[in-house]
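What follows is each chain in one-letter form.
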Amino acid sequence: MRTLLLLLLGLLAARPGAAQDQPLVAALSQAQVEVTTGFTGASLMVFGSTEQPIGAGGDEIVIVARGPTRPVVIRRKVSIAGVLWVNGPSARFPEVPGYYVVAGTRPVWQLLPEPERQKNGLGLDALPLESTGARAPAFRRALLEQETASGLWVEDQTPVVIEGNRLFHVRLPLPATVPTGVYKVEVLLVRSRRIVARQPLTFRVDRVGTADRIASIADDQPLVYGMICVLGACLAGWLGSVLFRRG
Amino acid sequence: MQVYLPIAEMSVDAFLLIGIGLGVGWLSGLFGVGGGFLLTPLLILIGIPAPVAVASGANQTIGASVSGLIAQWRRGNVDLRMGGVLIAGGFVGSVLGVQLFALLRRLGQVDLAVSLFYVVVLGTVGGLMVMESVRAIRRRKRSGGARRKLHEHGWAHGLPFKMRFRKSRLYISVIPPLLIGFGIGLLSAVMGVGGGFMLVPAMIYLLGMPTSVVIGTSLLQVVFVAANVTLLASVQLGTVDILLTLLLLAGGVAGAQFGAAMGTKLRGEETRALLGMLVLAVALSLLWDLVRMPTELFSSQRVF
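As they're listed, the protein sequences go chains F and U. For the first sequence, counting from 1, position 123 maps to 122 in numbering that gives the first Met the number 0; every step adds exactly one. For the second sequence, counting from 1, position 265 maps to 264 in numbering that gives the first Met the number 0; every step adds exactly one.
Chain F with its partners taken away, still in its complex shape (with noise of 0.2 Å):
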C-alpha cells in the first residue's frame, strides 16, 4: 500500500517542473472506475504532496468529491382520517449530487470560517440545495439523512492522512449504487484558515461490459430492448419446461 504510494508520488514529482514551484500537487490512483455485472462497490484514491509541512500546526488540506447532479422527489406520508398512511406533501430537489465526500486533516468547520465554508459548500449544511415545493427544512433533513443512509455523502468519515508531512492520501469509498457519469474532485491547501490553492481533478463511473450493454440497449432501443426481454423470458420457460419435464 505505502510502497505503490510512493511509487505513485515519485511518478508525480517526475513530471517537469511539477512539485518544485508549486505549493499543491495532487492526482486520482485511477482515472475510471468500471461498474460490471459484479460490482460491488470500489474506492479510489486521492493523493498528492505539498511544498510547505501539512499538519498541526503548518497547512490542512481539504478533499471534496462530488458525483453528477440528478433531480429527486422527496415526499412526506401523512394520515388519512388515521388510517391509511399516504404520500403527501413534496419537495423537488433538481440538483442533488449523487455523490459527495468531504474530508480534511481534521473536520472542515475547524479548518476554514464559516462564510469562506458555506460560499465553497464544503460539508453537507453547507451544500446549495435549491428546493420547489414544501419548504419546511425537514424535507432538506430527510434528503440529508437518506443520502448519508445510503453510504453516498460522507462528511469526514475518515480524516486525510499525511505522511512525512509532506505526503497525503485519502481513500473515497465508492458504494455499488453509485450514479455513472463524471465525478469531480477538488484538492483544497488551506493555511491560516484561508485556502491559498486548489487542484480540481476528475474521474469517470462507467458501466462497461453485459451491465453497460444492457443499459444502453435499455436506453437507446426500448422497444428492441423489451422484445429481447420477452424472448428471454419465453427461452427460459420453454427450456424449463424440456429440462425438468418428466417421463
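Hints should not be assumed to be uniformly reliable.
[What the hints assert, rightly or not] Covered, in the sense of this in silico footprint (three residues per stretch, anywhere, with C-beta under 8 Å from a C-beta of chain F), are these stretches of chain U: (1) 168-177; (2) 185-196.
[Said to hold, decoys possible] Between beta-carbon pairs, the in silico distance windows are: (3) U/L99 / F/P70: 21 to 31 Å; (4) F/E33 / U/L44: 50 to 60 Å; (5) U/M276 / F/V82: 21 to 31 Å; (6) F/R212 / U/Q235: 49 to 59 Å; (7) U/V119 / F/P70: 29 to 39 Å; (8) U/R134 / F/L83: 26 to 36 Å; (9) U/D288 / F/P70: 18 to 28 Å.
These are computed hints drawn from the structure, not numbers from a lab. As the structure is a prediction and not an experimental result, all values here were calculated from the model. Yeah, the Cβ is synthetic: ideal placement off N, Cα and C, and Gly gets one too.
Given the structure of chain F, go ahead and fit chain U onto it with the hints provided.
Then chain U, alone, in the frame of chain F:
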C-alpha cells in the same frame, strides 16, 4: 454472490433472487398460478424499487407461464378462440394500465396504489377462495358429492354479440370475456402480476367454462398480457431489468416443476383453500404496512 442489476442500479445477492424464484415457482407450480402476486411484493421487500419490481415481475411471469402453457397445449386444453377474445380485452386493459401507472408515478402515489390494489384484489379473491373451498369441503363431507349442473344460465347469456366457443362448449356474448380480459390487463400492468389467480375463478364462475380448458386458456392470456406489459414498460417507463428477470426464472422454472409434481397429490378443494389463505395472508401483511404508523415518514424518489 453479488450481482449488479443494470436497470435497478443496485447490487443484490444472486442466490437470494434465485431462491425467491425457486420458492415462488414451487408455490405457483403447486397451485397452478403464475405467482406474480407473491413475487412483486417480495421484490419490493428486498429493496427493489416498485416500478422495476412491477415491470420485471410481469416479465418473469411470461417465462413462468410459458412452460405451463406448453404442457397444456400438448394436452389440447387451450381454447384459442376464447383466448383471443380475452387477449383483445387484455391488450386494451394493459395499455391503459401502463398509462395509469405512469400517471400515478408522476403523482408520487405508485407505492400506495400498488399496495391498495394488492390489498383490495388479493383480499377479495383470497376471501372468496377460502369461503368457496370450505363450503366445498363441507359439502363433500356431508354427501358423496352432488353433481352440479354443467353451467348456470345467468345474465351473461342475455347480452348481444354472441359467439360460439367450441372447446369451452359455450355460446355466449363476447362482452363478458372482453371485460374480464380488460380488467385483468389493467390490474396486471399496475400490479405486475399475470392475473391467473383472478382469471381462473372468473372463467369458472362468471363465464361457466369447463375446468379442463380454464388453466390452459388463462395461461395463454397471461403470456400475451404479460408480454404486452413488458414491452410497454420498457418503452414507456424503462423499468424492465432483464438480469433480475433471468435470475428469478433460473430458480422459478425448476421450482414450478417440483411444485406441480407435489400438487397432483393434493385434492382440488384443499389446494384452493391453501392458495386462498396464502393470498389472504399477503393482502393482510400489505394492509398492515398501510395502516400502521410508518417508521420513516419521509421517502425519496429519484426522477429518471
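**Report entry** Hints the structure fails to honour
**Finding:** 1, 2, 4 and 6
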